[in-house]
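Trainee: Spelled out, the chains give:
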Amino acid sequence: MTINLNNVHYAYPDSLDKPVLNIPSWVVESKEQVFLHGPSGCGKSTLLNLLSGMLAPTVGELSILDKRLDQMGQHQRDRFRANHIGYVFQQFNLISYLNALENIQLATYFGKHGRSGVKQGEIEALLEKLNVSPADCYKQANTLSIGQQQRVAIARALINKPELLIVDEPTSSLDQHNRDNFMSLLMPLAAENSITLVFVSHDLSLSRYFKRVDALSDISCLKGDE
Amino acid sequence: MFFKLALKSLLNRRGSVILTLMAMTVSIFVLLAVEHMRYQTKQSFANTVSGVDLIVGARTGSLNLLLYSVFRIGSPTNNISWDSFEDIASKPQVKWAIPIALGDSHRGYPVMGTTGVYFEFFSYGNQRRLTFEQGHAFSQVFDVVIGSDIARTLGYSLGEKVVLSHGLASTSFSLHDDLPFKVVGILAPTGTPVDQTLHVSLAGIKAIHIGWQQGVKIPGGSINTTQIEQLKLKPESITAFMLGLKSRMATFRVQRTINEYDREPLLAILPGVALSELWQMMNVLENTLRLISVLILIAALLGLSAMLLASIRERNREVQLLRVVGASPIFLFLLIELEALLIILLSSLLGVSLLSVGLITAGDFLASEYGLYIQSNILSASVLYLVLVVIIANLVAAAIPALSLYRSAKTV
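Residue numbers (our numbering), protein chains in the order written: chain A, 293 to 518; chain B, 435 to 846.
The hints are simulated quantities; they were obtained by calculation from the structure and are not laboratory data.
Given the structure is predicted, the values throughout are model-derived calculations rather than measurements.
Just so it is clear, CB atoms sit at the ideal spot from N, CA and C, and this is done for glycine as well.
Treat the hints with caution; some may be incorrect.
Claimed, not checked - Okay, the calculated beta carbon distance ranges per label pair:
{"#": "1", "chain 1": "B", "residue 1": "R724", "chain 2": "A", "residue 2": "A427", "range": "54 to 62 Å"}
{"#": "2", "chain 1": "A", "residue 1": "G333", "chain 2": "B", "residue 2": "R724", "range": "38 to 46 Å"}
{"#": "3", "chain 1": "A", "residue 1": "K323", "chain 2": "B", "residue 2": "V823", "range": "42 to 50 Å"}
{"#": "4", "chain 1": "A", "residue 1": "I438", "chain 2": "B", "residue 2": "M435", "range": "22 to 30 Å"}
{"#": "5", "chain 1": "A", "residue 1": "S437", "chain 2": "B", "residue 2": "T845", "range": "15 to 23 Å"}
{"#": "6", "chain 1": "A", "residue 1": "S307", "chain 2": "B", "residue 2": "I452", "range": "36 to 44 Å"}
{"#": "7", "chain 1": "B", "residue 1": "F437", "chain 2": "A", "residue 2": "P426", "range": "21 to 29 Å"}
{"#": "8", "chain 1": "A", "residue 1": "G333", "chain 2": "B", "residue 2": "M435", "range": "55 to 63 Å"}
{"#": "9", "chain 1": "A", "residue 1": "Q363", "chain 2": "B", "residue 2": "T845", "range": "17 to 25 Å"}
{"#": "10", "chain 1": "A", "residue 1": "Q412", "chain 2": "B", "residue 2": "K476", "range": "30 to 38 Å"}
{"#": "11", "chain 1": "B", "residue 1": "I726", "chain 2": "A", "residue 2": "S307", "range": "26 to 34 Å"}
{"#": "12", "chain 1": "A", "residue 1": "A427", "chain 2": "B", "residue 2": "L453", "range": "45 to 53 Å"}
{"#": "13", "chain 1": "B", "residue 1": "K442", "chain 2": "A", "residue 2": "E414", "range": "16 to 24 Å"}
Said to hold, decoys possible - Some but not every residue of chain B turned toward chain A, in silico, with C-beta under 8 Å:
{"#": "14", "residue": "M435"}
{"#": "15", "residue": "G449"}
{"#": "16", "residue": "N717"}
{"#": "17", "residue": "E748"}
{"#": "18", "residue": "R751"}
{"#": "19", "residue": "L755"}
{"#": "20", "residue": "R757"}
{"#": "21", "residue": "V758"}
{"#": "22", "residue": "S762"}
Stated by the list, open to error - Chain A regions said to be covered by chain B (calculated; three or more residues, Cβ under 8 Å):
{"#": "23", "stretch": "371–384"}
{"#": "24", "stretch": "469–483"}
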């Protein structure tokens, strides 16, 4: 099991009586590819922050790769995320003043490779596989096209060979053509590397790429909704 | 990577970073300048006179006497008679006596009438005697010995003819141009007002005032050089004199005798005591300057803190990204501190170099205008200590934005 949530509640520390998330049970098996959708403001980003260990649940059991995140301290969760979880955002995936290569090196710096990092050649090879030419590797990130930026972001998310990849609305800033390119690049890569994929989007047309489609409103039941 | 991230992030915000850097540089410059000048001014004053047990002049404030006789600051209130000088100089406790006659100048540089004893006994700094770089002491009426700064600035060498002017202004119209002096000696640099002084014999001072009355040239009253050299010129009055005693124990006794001198009202001061009076007067000024420079520093530090705090707002996405790739809140805290540290290190370096360059260029001006000899080498233990304090204060100021980032990183 890659993800196992059991009775997970989350409420902001300053308003504990108003939970934003309440998940009785949600399980994602290893290598599964899940499409998760829901309207904005329904707790999607909170859930992703919980899965990646940026936030800790207020109550409940949260296991990722059979490790209890809810029992880890902040620092342990940061280490865990760096090594086991890849993350791709909707946009602004890269630090604008670093070049593509440095953005990826940043991920290896925090990961298990530590300060020694991953060999530059290895990173360039991965980028090449993602259709980022070697010349573009040294361009400052904000000068790359959005499509290129998203591909560099995938490379950054995969460089530490994570078991879980979280992708958060990655295509909303892309046009139809780039969107298809992005998906046809991402899906085989995930399968190839045996990565569990949680793909969050409100664009239901993308659900055709997935076998499992979950609605957040089905897995999270808030009292206010009842 | 940590360092690269901080550096590139600063470069990315060049505009505001450079302005902050400039503010920090200016404040460090001011702080160090005040501190250095304060210390060096004291050093410079304390170094100017040494081995002199008493300074005697007309009755006035002790500070005034010290300032005009030694530092050529201000002007003498009254002269004292040559007879009194001879009388006191011949007392058994007196080892040597140096008469000083001031009031004339050459192109803005003061001219001092004295005797050969001056070159023998006057000392400065750590009991160092005057030495000649070229030439020798004056022996004739129209001989002049010049300080090293004068030789350098005006380009004078031995044998040069020099015309003295009446009064101290550099643009004086009353020139003693009928009686030129000849440079016979150039003193080695001392870093004291001696470097800016022309020394002539008392007879020389007397000679150029023959034919003058009340400070005005009398037409037809002048005489020529050869006539003067045949006269046995004896001064009637001098400005002040310095005394060296055979035994230091006698200082206070001699001082009392002089202060109670019945032929003429005189004042004898101990240079060290007068200097400490000067320090006390300067203390208020010093503390005010210090306070101002500290306030400037605080303003610059707050500016730095505000700049970093504002940058954090624009960096929300960046923070989220760093968190997602595994940066801990502590890492982000340290990142801001490192950015602040880079700014302060660079501005310290700039401030120190700016001050050094400034002192090198302003050194001559300070020496000639104020008689202050300031070393341009500012790297001393106290300056390093001060820079260290600034760096620590800077890290404390940067903790405000860094903590704010730390807190927001925890709840992302």
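Trainee: Which of the stated hints cannot be reconciled with the structure, identified by number in ascending sequence?
Mentor: Per hint list: 2, 3, 5, 8, 10, 11, 12, 15, 16, 17, 24 violated.
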